[in-house]
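Enquirer: Full structure from sequences and hints, please.
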Amino acid sequence: MNHNRQSNDGNHDDDSALSDFLASLMDYTPTIPDELVEHYLAKSGFQCPDVRLIRLVAVATQKFVAEVANDALQHCKARQAAVVKDKREKQQKDKRLILTMDDLSKSLREYGVNVKQQEYFADSPSTGIDPATRDE
Amino acid sequence: MNNGCLENRKKEHDNSQKRPKSYKFGSRSDDFALAIAKVAVAQLCESVGFQGFHLSALETLSDISVRYIYSIGKTANLSANLAGRVEGNVFDIIHGLEDLGSNLGFSGASDVDRCVVSSGVVKDITHFVGVSDFIPFAYDVPGFPVVKESTKTGSFWEKGEDPPGEHIPSWLPAFPDPETYATRLSVENETMGVSNGKKTESELERVERNMDRSLLNLQLRFAHNENKGGSSHGSGYVATESNPYLAAPLHVGEKEVSSVILPTKLSNEVALRNPVHVDVGNHVSVLETFAPAIEAMKSGLCDSDNVKKKLLYDQRPTVRFKIGIGKKSLGTMSDLNSQNEEDLLKIASWFGNDNEKDDKKR
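Those protein sequences? They're chains F and Z, same order as listed.
Take any residue in the first sequence, note its place counting from 1, add 470, and you have its number in my numbering.
Take any residue in the second sequence, note its place counting from 1, add 8, and you have its number in my numbering.
Rather than coming from a laboratory, the hints here were simulated on the basis of the structure.
Do not take every clue at face value.
What the hints assert, rightly or not - These stretches of chain F come out as covered by chain Z in the derived footprint (C-beta under 8 Å, 3 or more residues):
id : region
1  : 493-501
2  : 517-524
3  : 529-537
4  : 568-582
Everything numeric in this text was worked out from a predicted model, so none of it was measured.
Built from N, CA and C at the ideal position, the CB exists for glycine as well.
Expert: See below:
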């Protein structure tokens, strides 16, 4: 009984937390626009008249993309640090952080998404060694 | 391909709308939505700290984010349908998020008696919203896809008309007004198409129209033939006036062209065809064979092709004679007829050139 009461109170707290959170979502406009999320939710068959749920999905997607981008950024920085150890000249050149397929595939692998590019044959042995340090 | 900072990205956004040529599958049905997703993802990446993107990486990430939305929706719809509902609610969405987040895990995932409301996923998201900056989307997005207004069918019932005949139900589209199809169209309007553009003619009308059209064509053809004086250019009437390449070929003698000097090679052929030597007694026949050439030169018509052909054809084998190459035979010829002196000289020039050539070869 006591446990139930506590769980009930807990549920109430959680409910209120959830409803508060959903209410706060209306103030925070996510970067991913509502129309886009609505379009793809409609495509998948999910019907909902509530705008807050759409915001919830938008925020969840934003979080996902931000996490993936963050991991890719870590990979990019790690690669630049490794390069700087070898050649100090490039330290000033390559302060630019660029999102490449290589870093992206590495970070997406942890999320269960397998993005692999086909190997290609290059003209010279030096091609494609350090795509991040090469200006295209 | 490196894109610079986001400002450049936005400027190039419109330019880069055209799909790269290497894209195998052509345009997808959700190109517009994908473009919006690309911009949003680019903004997010910039907020994380990236200063540039490879276009392929950006496209891949935006495609994945779109699929993420799609899979959330699908899972939420599935759980709603399982619960016997058509519309989803927040619990369905949280279920979907938990499914997708089960890879990496979230706090409280292993709890047996966890409640959806207090799910770790929601807590993560709440934390994220609290921490992250507010980045509004760069563009104003209109509601899409645009719903097309359905055109009114104009049924009998809507128009308030009684359908003619009991067999026609009132919800079918009404017949058009009789004035639109009952009048006979004039011939001039035929080429402009049926003026009302409706397919309401009866079979009889259509047959009559075809007959009129064919009659008209025939009349045009006859008129043109009279103008041309019997030459049959009926079908290409309009075309021949405008396009010179489709004009009828000219007959020999219609048009003056410049004269063509018979090349020595051809005169060689003429000589070779008749390799036997001319007997002195038969020198008359030589002239006869060259008579067409002489006549052609006399009259001034210089369609030498025909003359050449006639020359060759006339010298086909029934007449055999010997032609001597050299000035001796010409000497005998010149005795014959002083009238044809010029022509003989010309003929001599052919052989003369011939001799010179032989000398050069030797």
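Enquirer: Which earlier hints can't be squared with this structure?
Expert: none
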